[in-house]
Amino acid sequence: MIVNLADVKPGSKVKVARIRGGLGIRQRLSCLGIHPGDFLRVQASGIMQGPILVSIHGNKIALGRGVASNVLVEVD
Amino acid sequence: MRIALVGQPNCGKSTIFNSVAGYKAITSNFPGKTVTYTVSKMTFQGKTSEIVDLPGTYSLTSFDLAELEARKYLLREKIDVVINVIDASLLGRGLELTLQLLELNLPTVICLNMIDEAEGKGIIIEDSELSRILGVPVVRTIALKGQGLDQLFKTVLEMGSNPIFGKHLTFSKDVEQVIQELIEQLENNNFSKKFNVPLRFLAIKLLENDQYFIGEVRKKNFEFIKMVKAGQQKLEECRARTSDVVISSERHHLSMDIYETVVTITKPRMELKSYLDNIFMHPVLGYISLIAILYLFFNFVFYLGNLLEEPLLGFFYQFLPLIEEKLGHNLLLFNIVSGIIQGIAGGIAIVLPYLFPFLLGLAFLEDVGYLPRIAFLMDTFLHRIGLHGKAIIPLILGYGCTVPAVMATRILESERDRLIASILTTMIPCAARITIIFGLVAFYLGPKAALFVYILNIIVVAISGKILSQMMPEITPGMIMEIPSYHIPSPKVLLAKVWLRMKEFIVIAWPLLIIGSIALSLLKYWKLEYFINELISPVTLLLGLPIAVGVTLIFGILRKELSMIMLVQALGVTDISLVMNAAQIMTFTIFVLFYVPCAATIAVLIREIGGEKTVFTVLFTFLIALILATATRLVYYVFL
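One line per chain: the protein sequences are A and B, in this order. For the first sequence, my numbering gives the first residue as 25, with consecutive numbering after it. For the second sequence, my numbering gives the first residue as 2, with consecutive numbering after it.
Warning: the hint list may mix true and false statements.
Said to hold, decoys possible - Simulated crosslink set (BS3-like; lysine-lysine; CA at most 30 Å straight-line):
hint	chain 1	residue 1	chain 2	residue 2
1	B	Lys230	B	Lys168
2	B	Lys79	B	Lys174
3	B	Lys155	B	Lys220
4	B	Lys73	A	Lys84
5	A	Lys33	B	Lys504
6	B	Lys194	B	Lys73
7	B	Lys195	B	Lys146
8	B	Lys73	B	Lys42
9	B	Lys235	A	Lys39
10	B	Lys194	B	Lys235
11	B	Lys268	A	Lys37
12	B	Lys274	A	Lys33
13	B	Lys174	A	Lys84
14	B	Lys155	B	Lys194
15	B	Lys79	B	Lys195
16	B	Lys146	B	Lys42
17	B	Lys42	B	Lys155
18	B	Lys194	B	Lys230
19	B	Lys79	B	Lys168
20	B	Lys42	B	Lys25
21	B	Lys268	A	Lys84
22	A	Lys84	B	Lys493
23	A	Lys39	B	Lys327
24	B	Lys504	B	Lys146
25	A	Lys84	B	Lys274
26	A	Lys84	A	Lys37
27	B	Lys220	B	Lys79
28	B	Lys467	B	Lys449
29	B	Lys73	B	Lys230
30	A	Lys39	B	Lys174
31	A	Lys37	B	Lys42
32	B	Lys195	B	Lys235
33	B	Lys467	B	Lys614
34	B	Lys268	A	Lys39
35	B	Lys504	B	Lys493
36	B	Lys146	B	Lys235
37	B	Lys493	B	Lys25
38	B	Lys73	B	Lys614
39	B	Lys25	B	Lys73
Calculated directly from the structure, the hints in this document are not laboratory data.
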């Protein structure tokens, strides 16, 4: 099932399916190692529409909620 | 010989730079603190070379200003050896930049830094294999502990006299074919003469839809863009993705292939620091610990500063009556000498006691890596004022000094976010203004009053942010930020950093303080200060302050700390509480806190946001200062 990253429960491991949005966001995410096909784990989700913390390739990345909602991921 | 340090943000370039150049570049544990390049001479084994610390760049695709700076430097300047610093614990990602660097055909040495960090994560790297694949030497280092640096620079020097160019690794066949075709077309159109970058690099950037190179090509040969578009379209047809994604995935896969060949994964060491974020970034505990940490920080500065201020002030002021006795009260010489003493005393007794513990504490939080955690926690609140989490970093640095803080706004992506953050940063009490809050408010009215000033300041900054973002409605691009692992800071680096920042005060501000002090003495002696005070009297009268305060406000624009130190002198007493009541002390502090940025800040603002917006900033902050200080006066008058 495809959902957006902002809706994923902390603790789950998901596979990046697609990144919505323009060239800017795709390039920024790819520089930090987030590409379609990669697996990442959602570590924390901020309260009150706060950002999402993910870990990918042994690295932690914070994504604002707006950004996270543009990252579509596959969950089981 | 010129050596350039290139690498992704926070991989330790500046640490390596500082270890050979003396401490000249500020290092911290957050991505993107180097926003412009620093050059220094270094001598190694009797040979002197020039070494350049470039801002961190994730790739050679340009998007933020700091990255653009790094790329421009690489393409424009003549560089003899590139040291590509890679955070070994993030090798897979670091290689993506390496692959692009090798396409530039510059002699390159790979520096695998933070090898201890990588091994802690269970990543064991076969560096000889990596060297074989890339075709360039690889050196392992732990820059923070100085390990491997001798070997690194030995290799660099050898490379300088006997350059080795790395291999160009190739992508998948179908993609490679499109690249080769475009290279041929570039050659046929004489592009090797028009650009001084290797054609393979240029071809890949064009296929990646890099706006800078597309623009440059368009300028030189408008028709050629069609061929570029055709190439992009071919890539899109082969992979059913946009051409930039095709190239970046190719590079990603190539890097991951190399990574898997050279790395053996073992069980990671379980370390305390991997659990820290369960608390510090927790949705509830995170905020509690943030408040606790800031509270401890505040107390540490207040306690240490207070401990030192009183005896130091007493020490200096015991000389004044002695000199007065010797020289007589009305002599010009006495006025000059007492000006000098007050200037020196102001520096040592009022500013340093608070500046040192403050900068030490800030350096500690920076180097441990706590600032990005604050950015994470504050993101949701900053969204409410129209910015995003990363904007907290310049704001926090603003508590140190506004000048580097304004420059740090370059880590923000959009111009509008940079502008708003710059204006807000000028309103954050910098170390100079902190000495005013501590030296006046905390000293005379107690620490609770000082804490109140801080909280009020944060509220005002938040409201101003809201107003500014309403004036410039635009959606912030949202936060994408790396959270680096925690590091235990080295005491040597911490002190070097505090010293670098204090030096600025001692070398620039202190002489100004002494000169200002003498100038004020002379103004008084010749009774000229009267005119200046008259001129500023509309403000001082409105705020209910002694007229004599006027002249200190002018000095305060030169350097913020001058306004307080001059206050002692302008009023002619050592104990300010004798001539100013609580309401006046508070009103004065509030006004000084917000009004007009200091001269150095104005200069950096002009450079970063332009003259027109700087004028706006000056007026905006002045207006806020006037409104708040008047309100303070009224509140004291009515309620207290």
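We went through each hint and held it up to the structure:
1. B:Lys230 <-> B:Lys168: Satisfied, since the Cα-Cα distance of roughly 28 Å is no more than 30 Å.
2. B:Lys79 <-> B:Lys174: The hint is violated at about 33 Å.
3. B:Lys155 <-> B:Lys220: violated, 43 Å
4. B:Lys73 <-> A:Lys84: This hinted pair holds, its Cα atoms lying about 29 Å apart.
5. A:Lys33 <-> B:Lys504: violated, 49 Å
6. B:Lys194 <-> B:Lys73: With a Cα-Cα distance of about 18 Å, the restraint between Lys194 (chain B) and Lys73 (chain B) holds, given a limit of 30 Å.
7. B:Lys195 <-> B:Lys146: Roughly 45 Å separates the two Cα atoms, so the pair is violated.
8. B:Lys73 <-> B:Lys42: holds, 21 Å
9. B:Lys235 <-> A:Lys39: OK: Lys235 (chain B) and Lys39 (chain A) at ~28 Å, within 30 Å.
10. B:Lys194 <-> B:Lys235: holds, 26 Å
11. B:Lys268 <-> A:Lys37: Judged against 30 Å, a Cα distance of about 20 Å means the pair holds.
12. B:Lys274 <-> A:Lys33: With a Cα-Cα distance of about 23 Å, the restraint between Lys274 (chain B) and Lys33 (chain A) holds, given a limit of 30 Å.
13. B:Lys174 <-> A:Lys84: Judged against 30 Å, a Cα distance of about 33 Å means the pair is violated.
14. B:Lys155 <-> B:Lys194: violated, 35 Å
15. B:Lys79 <-> B:Lys195: It holds: about 17 Å lies between the C-alpha atoms, which stays within 30 Å.
16. B:Lys146 <-> B:Lys42: OK: Lys146 (chain B) and Lys42 (chain B) at ~22 Å, within 30 Å.
17. B:Lys42 <-> B:Lys155: Holds, because 16 Å separates the two Cα atoms, which is no more than 30 Å.
18. B:Lys194 <-> B:Lys230: holds, 22 Å
19. B:Lys79 <-> B:Lys168: holds, 20 Å
20. B:Lys42 <-> B:Lys25: It holds: about 11 Å lies between the C-alpha atoms, which stays within 30 Å.
21. B:Lys268 <-> A:Lys84: holds, 19 Å
22. A:Lys84 <-> B:Lys493: holds, 28 Å
23. A:Lys39 <-> B:Lys327: Between Lys39 (chain A) and Lys327 (chain B) the Cα gap is close to 83 Å, so the pair fails against 30 Å, i.e. violated.
24. B:Lys504 <-> B:Lys146: Since the Cα atoms of Lys504 (chain B) and Lys146 (chain B) sit roughly 25 Å apart, the hinted pair holds (cutoff 30 Å).
25. A:Lys84 <-> B:Lys274: With a Cα-Cα distance of about 13 Å, the restraint between Lys84 (chain A) and Lys274 (chain B) holds, given a limit of 30 Å.
26. A:Lys84 <-> A:Lys37: With Cα atoms ~14 Å apart, Lys84 (chain A) and Lys37 (chain A) stay inside 30 Å; holds.
27. B:Lys220 <-> B:Lys79: It holds: about 24 Å lies between the C-alpha atoms, which stays within 30 Å.
28. B:Lys467 <-> B:Lys449: holds, 27 Å
29. B:Lys73 <-> B:Lys230: Satisfied, since the Cα-Cα distance of roughly 25 Å is no more than 30 Å.
30. A:Lys39 <-> B:Lys174: holds, 27 Å
31. A:Lys37 <-> B:Lys42: violated, 48 Å
32. B:Lys195 <-> B:Lys235: holds, 25 Å
33. B:Lys467 <-> B:Lys614: Holds. Lys467 (chain B) to Lys614 (chain B) sits at ~17 Å (cutoff 30 Å).
34. B:Lys268 <-> A:Lys39: Measuring from Cα to Cα gives roughly 23 Å; hence the hint holds.
35. B:Lys504 <-> B:Lys493: The hint holds at about 16 Å.
36. B:Lys146 <-> B:Lys235: violated, 49 Å
37. B:Lys493 <-> B:Lys25: OK: Lys493 (chain B) and Lys25 (chain B) at ~14 Å, within 30 Å.
38. B:Lys73 <-> B:Lys614: Given pair Lys73 (chain B), Lys614 (chain B) holds - Cα atoms ~27 Å apart, limit 30 Å.
39. B:Lys25 <-> B:Lys73: holds, 22 Å
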